[in-house]
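Colleague: Line order of the protein sequences matches chains A and B.
Just so it is clear: in the first sequence, position 211 is 545 by our numbering, and no numbers are missing.
Just so it is clear: in the second sequence, position 374 is 708 by our numbering, and no numbers are missing.
Since the hints were derived computationally from the structure, they do not count as laboratory data.
Just so it is clear, the structure is predicted and the values come from calculations on it, not from any experiment.
Misleading hints may appear alongside valid ones.
Label-pair restraints from in silico Cβ distances [as the list claims (entries may be wrong)]: (1) A:414 / B:731: 18 to 24 Å; (2) A:719 / B:337: 46 to 52 Å; (3) B:393 / A:395: 54 to 60 Å; (4) B:669 / A:734: 36 to 42 Å.
Straight-line Cα separation of at most 27 Å, DSS-like style, residue types lysine-lysine; simulated pairs [to be verified]: (5) A:689 / A:710; (6) A:585 / A:616; (7) A:430 / A:554; (8) B:366 / A:416; (9) A:416 / A:366; (10) B:616 / B:585; (11) A:734 / B:557; (12) A:372 / B:734; (13) B:691 / B:585; (14) B:416 / A:734; (15) A:419 / B:557; (16) B:531 / A:734; (17) B:734 / B:585; (18) B:366 / A:585; (19) A:701 / A:685; (20) A:701 / A:691; (21) B:734 / A:336; (22) B:701 / B:531; (23) A:734 / B:701; (24) B:419 / A:614; (25) B:557 / B:614; (26) A:416 / B:614; (27) A:366 / A:554; (28) B:554 / B:614; (29) A:734 / B:430; (30) B:689 / B:419; (31) A:614 / A:416; (32) A:614 / B:710; (33) B:416 / B:366; (34) A:554 / A:616; (35) B:416 / B:336; (36) B:734 / B:689; (37) A:734 / B:734; (38) B:710 / B:531; (39) A:366 / B:734; (40) A:691 / A:616.
Note that CB positions come from ideal geometry on N, CA and C, so glycine has one too.
2 protein chains.
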Amino acid sequence: MKLEGKVVVAQGGGPTAVINQSLVGVVLESRKFPQVTKVYGAVNGVSGIINEDFLDLTQETTHNLEQVAITPSSALFSTRDKPDKAYCEEIFNVFKAHNVRYFFYIGGNDSADTVRIVNEQAESSGYEFRAIHIPKTIDNDLMINDHTPGYPSTARFVAQAFIGLNLDNRALPGVHIGVVMGRHAGFLTAAASIAQKYPDDGPHLIYLPERPFIMDHFLKDVKEVYDRYGRCIVAVSEGIQDEDGVPIVTKLVKTKKDAHGNVQLSGTGALGEILTQQIKQKLNIQRVRSDTLGYLQRSFMGCVSDVDQHEAREVGEKAAQFAIWHNIDGSITIHRTGYYSVDYQITELHKVAGKTKLMPDEFINAKGNNVTDAFKYYLQPLLGSHMPEASMLRAPRAPKILRVK
Amino acid sequence: MKLEGKVVVAQGGGPTAVINQSLVGVVLESRKFPQVTKVYGAVNGVSGIINEDFLDLTQETTHNLEQVAITPSSALFSTRDKPDKAYCEEIFNVFKAHNVRYFFYIGGNDSADTVRIVNEQAESSGYEFRAIHIPKTIDNDLMINDHTPGYPSTARFVAQAFIGLNLDNRALPGVHIGVVMGRHAGFLTAAASIAQKYPDDGPHLIYLPERPFIMDHFLKDVKEVYDRYGRCIVAVSEGIQDEDGVPIVTKLVKTKKDAHGNVQLSGTGALGEILTQQIKQKLNIQRVRSDTLGYLQRSFMGCVSDVDQHEAREVGEKAAQFAIWHNIDGSITIHRTGYYSVDYQITELHKVAGKTKLMPDEFINAKGNNVTDAFKYYLQPLLGSHMPEASMLRAPRAPKILRVK
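Isolated chain A (complex conformation) (with noise of 0.2 Å):
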């Protein structure tokens, strides 16, 4: 029998580049099925399911859905409310009056935890009802998952960058720090090891969270490259921590206020200023910079991979036709098959909620300071099609006259 009623689709946590995709990937496969009476959007995630602020999506036209598509960050808006059991009640009684049947939340490991409990509710109350977690985030860290949706282009934004970085690096040598998004999870700093295409391209040196950060051997490694090369190209989490699980950000960044400027390190640039002071003075190297990468990493307009775009397309979709088609609840994740093809499934939400994966130690070289090949080829059929390249002159050098020995 069918189960008539109202879908809600909402959009949790971080925006990324793809995540419009699955919002519209349901919102075009809901509206074929004729048991469902309207598509909702709750703006601002779950706060918008509680304060009844929804987008009736039955009434947006195809084309503008599908501008949407590629436009990033999250239409729907956002939030970064985490729902406790009675705020999962309020969301579960806003759906029972509104005669919601469908729930998808597109969002990371918290998102799939607050579709885990309302779905609860919805079950212990006999209430008919499915409940799916769409995969999103830039950090690659959902069990079960090969990848998640939103990772694939932000890491081809971080991979851009840093090819970018290098070329700049060698124009005007020095010691170049790229700090990457990642709390817990490298996937994201370590795709900026797709730069490596000549035998002395950086980045040299990849420092990932799931690694004990020592500053001593890392002023080596910067040393040893610099040597070498005359230069080195360092990718960094912003996660790194000590061998005690210390975030080195907030070990070594003193808070300081000051009556006039009131400069106080508070994240952004702080962990690349630290080191660059570091280089600075224990190696006295002259120019060392930094760039933290930020914002720009998950919002940058117009830097996508399209299988990514593909891909979270395609979990929305599923999520619809798992739920309208199926009546199952769950997580949809994305498994390789071959190389390179997925296909998509559905997970018991359990499995995937409030857990972090972090990257498995074949990706991460021996020393923990680089990637291996077998990340690269992890990566590189996900970044999409027309991946840009760099290329170096290779005419040879021409004789001297003046200086002749």
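Since the structure of chain A is already known, use the hints to place chain B on it.
Modeller: Just chain B now, kept in the frame of chain A:
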């Protein structure tokens, strides 16, 4: 009579996304002339000349040159050397020893000045010699030129970055500050204005070096926007100055050394941090973030204006043609004709050398905190084909049930 001898081409100053287009334009065009015996590329700009460090680009393949052309940063590497008279004499001596008769230097106003001095030495010693400056700068600050190669692509990067920051900020509201390159001229920062598509789109405020930056006015501006939209996006030039011409960043950042972390604000993220702290403390707004676009602006791989690519190629070609067909020295300049096409002319070196063009008054609004439509009309055609655009959902709000008053 045809002047027989070698060509030397070199690249100076900061890299751009299209500086290699100009290099390849010079090389491919020069190689067509029988009186050109060799085409040399000086490695590391003028310092490569005095060290006789040349690549023989006559022996480079056409395919690889075309690959290099679409690669950002300086393929011949760069230098920050600003030659004085003695240095230029050394350059001139090397040119005489190698029978170099044509010199092309791709760079900004400092590079134009180097070309000017070398050329004067050749003239005063009766050495038959052509020297041409080829314009390049992301800052767009060369006199005579409507705009300069390198600027359109970086402007496009800045625009795409702010489109994303605006979307991100709409999804997760607060105040967001983006710091853009430009010590004296505000053209790059002004490019952020392209993100203003929908009526509430940011950047809501744009601060340029051409207008004094007064902290109290800035805070008042931010408060007004934040009260109106619940969020605020600010684009600010790294070079903003107070009423006495003192850069805000040097005025407000305290150099601070510390035994452990050695944190010392040296420039990179400092201005963003200062403004962030001011807003947090004076306006009591919680979520305030900043991004410093940094080196990504000028070197990012894969964000380029095709108009910029073509023009950068053409100024290189025209330089070779003016020198080798027409025996003229000077600086190649770009002149806009209609909307939108350009002509290339050759201008006397002293009109470009060592001078800086600023944003004209008609491009800046009366309050000095945004740009005018005249600026957008100026910039739009430079951004090139397939400029991405953001789209919003326009679906109607759905009726409430539980919260009906």
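Colleague: So, for every hint listed, does it hold in this structure?
Modeller: So, going through the hints one by one against the coordinates:
The beta-carbon spacing between residue 414 (chain A) and residue 731 (chain B), approximately 23 Å, falls within the hinted interval of 18 to 24 Å. For the pair residue 719 (chain A) and residue 337 (chain B), the supplied restraint of 46 to 52 Å holds, since their beta-carbon distance comes to about 48 Å. The given range of 54 to 60 Å is respected by residue 393 (chain B) and residue 395 (chain A), whose C-beta atoms sit roughly 58 Å from each other. The hinted window of 36 to 42 Å between residue 669 (chain B) and residue 734 (chain A) holds, with their beta carbons roughly 41 Å apart.
Among the hinted pairs, residue 689 (chain A) with residue 710 (chain A) is consistent with the structure: their alpha-carbon atoms are about 25 Å apart, no more than 27 Å. The straight-line distance between the Cα atoms of residue 585 (chain A) and residue 616 (chain A) is roughly 18 Å, inside the 27 Å bound, and the hint therefore holds. The suggested pairing of residue 430 (chain A) with residue 554 (chain A) is violated, with an alpha-carbon distance near 62 Å, which exceeds 27 Å. Proposed proximity of residue 366 (chain B) and residue 416 (chain A) is contradicted: the alpha carbons are some 67 Å apart, above 27 Å.
Taking the CA atoms of residue 416 (chain A) and residue 366 (chain A), the gap is about 32 Å. The hint is violated against a cut of 27 Å. At most 27 Å may separate the alpha-carbon atoms for a hinted pair to count; residue 616 (chain B) and residue 585 (chain B) meet this at roughly 18 Å. Of the pairs offered as hints, the one joining residue 734 (chain A) and residue 557 (chain B) is violated, with about 63 Å between alpha carbons and a cut-off of 27 Å exceeded. For the given pair, residue 372 (chain A) sits about 14 Å from residue 734 (chain B) by alpha-carbon distance, which is consistent with the 27 Å threshold.
Distance restraint check for residue 691 (chain B) and residue 585 (chain B): the Cα-Cα separation of roughly 25 Å lies within the 27 Å cut-off, and the hinted pair is therefore satisfied. Using a Cα cut-off of 27 Å, the hinted pair residue 416 (chain B) and residue 734 (chain A) holds, with the two alpha carbons roughly 23 Å apart. A C-alpha spacing of about 36 Å is found between residue 419 (chain A) and residue 557 (chain B), which places the hinted pair above 27 Å, so the restraint is violated. Taken as a hint, the residue 531 (chain B) and residue 734 (chain A) pair is broken in the structure, with Cα atoms around 56 Å apart against an allowance of 27 Å.
For the given pair, residue 734 (chain B) sits about 53 Å from residue 585 (chain B) by alpha-carbon distance, which is inconsistent with the 27 Å threshold. Distance check on the hinted pair: residue 366 (chain B) and residue 585 (chain A) sit about 61 Å apart at the alpha-carbon level, beyond 27 Å; violated. Restraint check for residue 701 (chain A) and residue 685 (chain A): not satisfied, since their Cα atoms lie roughly 32 Å apart, outside the 27 Å limit. Taking the CA atoms of residue 701 (chain A) and residue 691 (chain A), the gap is about 21 Å. The hint holds against a cut of 27 Å.
A distance of roughly 26 Å separates the Cα atoms of residue 734 (chain B) and residue 336 (chain A); the hinted pair therefore holds under the 27 Å criterion. In summary, the hint linking residue 701 (chain B) to residue 531 (chain B) is supported, as the alpha carbons are separated by about 21 Å, within the 27 Å threshold. Distance check on the hinted pair: residue 734 (chain A) and residue 701 (chain B) sit about 58 Å apart at the alpha-carbon level, beyond 27 Å; violated. Distance check on the hinted pair: residue 419 (chain B) and residue 614 (chain A) sit about 33 Å apart at the alpha-carbon level, beyond 27 Å; violated.
Between the alpha carbons of residue 557 (chain B) and residue 614 (chain B) the distance comes to roughly 11 Å, so the proposed pair stays at or under 27 Å and holds. About 24 Å separates the Cα atoms of residue 416 (chain A) and residue 614 (chain B), which keeps this hinted pair within 27 Å; it holds. Distance restraint check for residue 366 (chain A) and residue 554 (chain A): the Cα-Cα separation of roughly 61 Å exceeds the 27 Å cut-off, and the hinted pair is therefore not satisfied. Taking the CA atoms of residue 554 (chain B) and residue 614 (chain B), the gap is about 13 Å. The hint holds against a cut of 27 Å.
Distance hint between residue 734 (chain A) and residue 430 (chain B) is fulfilled; the C-alpha atoms sit about 13 Å from each other, no more than 27 Å. The straight-line distance between the Cα atoms of residue 689 (chain B) and residue 419 (chain B) is roughly 18 Å, inside the 27 Å bound, and the hint therefore holds. At most 27 Å may separate the alpha-carbon atoms for a hinted pair to count; residue 614 (chain A) and residue 416 (chain A) exceed this at roughly 42 Å. A C-alpha spacing of about 42 Å is found between residue 614 (chain A) and residue 710 (chain B), which places the hinted pair above 27 Å, so the restraint is violated.
Of the supplied pair hints, the one linking residue 416 (chain B) and residue 366 (chain B) is violated, its CA atoms being roughly 32 Å apart against a limit of 27 Å. Between the alpha carbons of residue 554 (chain A) and residue 616 (chain A) the distance comes to roughly 10 Å, so the proposed pair stays at or under 27 Å and holds. Simply put, residue 416 (chain B) and residue 336 (chain B) have alpha-carbon atoms about 32 Å apart, too far for the 27 Å limit, and the pair is violated. Note on residue 734 (chain B) and residue 689 (chain B): the hinted pairing is violated, with a Cα-Cα distance of about 63 Å set against a maximum of 27 Å.
The suggested pairing of residue 734 (chain A) with residue 734 (chain B) is violated, with an alpha-carbon distance near 82 Å, which exceeds 27 Å. The suggested pairing of residue 710 (chain B) with residue 531 (chain B) holds, with an alpha-carbon distance near 12 Å, which does not exceed 27 Å. Annotation: proposed proximity of residue 366 (chain A) to residue 734 (chain B) holds, straight-line Cα distance about 24 Å (limit 27 Å). Proposed proximity of residue 691 (chain A) and residue 616 (chain A) is contradicted: the alpha carbons are some 35 Å apart, above 27 Å.
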